[in-house]
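Novice: Residue numbers (my numbering), protein chains in the order written: chain A, 10 to 115; chain B, 10 to 115; chain C, 10 to 115; chain D, 10 to 115.
Misleading hints may appear alongside valid ones.
[To be verified] When the alpha-carbon atoms are kept at most 25 Å apart in a straight line, the in silico BS3-like pairs for lysine-lysine are as follows:
hint: 1; chain 1: D; residue 1: K110; chain 2: B; residue 2: K110
hint: 2; chain 1: D; residue 1: K57; chain 2: A; residue 2: K105
hint: 3; chain 1: A; residue 1: K49; chain 2: A; residue 2: K63
hint: 4; chain 1: A; residue 1: K63; chain 2: D; residue 2: K57
hint: 5; chain 1: D; residue 1: K57; chain 2: C; residue 2: K105
hint: 6; chain 1: D; residue 1: K63; chain 2: C; residue 2: K91
By construction, these hints were calculated from the structure, which means they are not laboratory data.
Because the structure is a prediction, the values reported are computed rather than measured.
Number of protein chains: 4
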Amino acid sequence: MDKINEFRDARDWRQFHNEKDLALSISIEAAELLELFQWKEATEAVEKHPENLKDELADVLIYCYMLADNLGLDIDQIIESKLNKNTSNYPISKSKGQKDKYTELN
Amino acid sequence: MDKINEFRDARDWRQFHNEKDLALSISIEAAELLELFQWKEATEAVEKHPENLKDELADVLIYCYMLADNLGLDIDQIIESKLNKNTSNYPISKSKGQKDKYTELN
Amino acid sequence: MDKINEFRDARDWRQFHNEKDLALSISIEAAELLELFQWKEATEAVEKHPENLKDELADVLIYCYMLADNLGLDIDQIIESKLNKNTSNYPISKSKGQKDKYTELN
Amino acid sequence: MDKINEFRDARDWRQFHNEKDLALSISIEAAELLELFQWKEATEAVEKHPENLKDELADVLIYCYMLADNLGLDIDQIIESKLNKNTSNYPISKSKGQKDKYTELN
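Same shape as in the complex, but just chain A (with noise of 0.2 Å):
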């Protein structure tokens, strides 16, 4: 988290930082990672494109970590509260193995 405020505040970008623009561009890298799986299988995808891979996770992050830090949010507990959520509407009893949302599971 250092590294990346010590990259954009050298640059005086978190001028154009603001919450909806973070979101947004999280959004347009998460498209171009799933861009390197289009016209693929899983596996085709992974084994012709393994540093795009990295390098559009890692944009995604980034824009993720800096919305965070605006917000004032720590990673770890957001992280953490949201798996507790998950955790009650998808108890292990009726979600094993299942992959419906949890509105549809019975």
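Mind docking chains B, C and D on chain A? Use the hints.
Specialist: Using the frame of chain A, we list chains B, C and D on its own:
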């Protein structure tokens, strides 16, 4: 990362988690995050949905971590490596206070 | 629609065009369109990239039409049917001048 | 197009419909369409969600049409113009039966 793996392994979900569907899930969650800003200024969205913002950002991160885990990647390492590339693409002298893409910088 | 089909059939591309990859392509092209607005106000983006806007919007539409064709759907009909549903969800009396989602209207 | 405009004008929504938020809405709806294919093969998704597919595809199209209308663009014309560009980028002789991006064709 351990908690994320524990969560998905307890539910036998790794069988569904091929890299293509994980990349697709990152895009989907990124869009749910973006939806909180739809028709709103950044500040308005941040004030209106503080809890949802945490949850949706966490969802993006959880799928990013799962994909990194599937690919055997170290999060900190790919971020650092990408920041180094960006440092070359966006030299401070040219990009300070500029929001242009590096292909448009001069 | 005929021209789109002619284009893809001349290239034997229908074999790659399963519905999942078409849906994925719509998302990717939508993000390329969105990228034209990154770090910009709407008016600034529209002035700066008039040609790119046309091209990226056309790309989204082309994949939408291909998906509709794969599914045997009539574009005008699904739009009309969806507008009718929206008319129920967003009655004029409640939603006039309101930007809230219908689940939040009261 | 007339029906779409009638729908939004009856609700005074044009004030919120700047081009940036429309582009953002296209991405959001595209992701909702994509979500129908999450963790599924194409055929499985098509069989399971025929009605939702129509609705989500229609939502993407409705926002595309609104953006085109805001920009004063003719849908058929921008599609035809883009197909002509694609015809140059993807000559039949090189791209027949190939799924590579034109920058990778040889």
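Novice: Take the hints in turn and mark each one as holding or not.
Specialist: Going down the list of hints, with the structure as the test:
1. D/K110 with B/K110: Status holds; Cα separation ~22 Å.
2. D/K57 with A/K105: This hinted pair holds, its Cα atoms lying about 21 Å apart.
3. A/K49 with A/K63: With a Cα-Cα distance of about 18 Å, the restraint between A/K49 and A/K63 holds, given a limit of 25 Å.
4. A/K63 with D/K57: 34 Å, violated
5. D/K57 with C/K105: The hint is violated at about 35 Å.
6. D/K63 with C/K91: Distance of about 8 Å is within 25 Å: holds.
The structure is inconsistent with the numbered hints 4, 5, although it conforms to all the rest.
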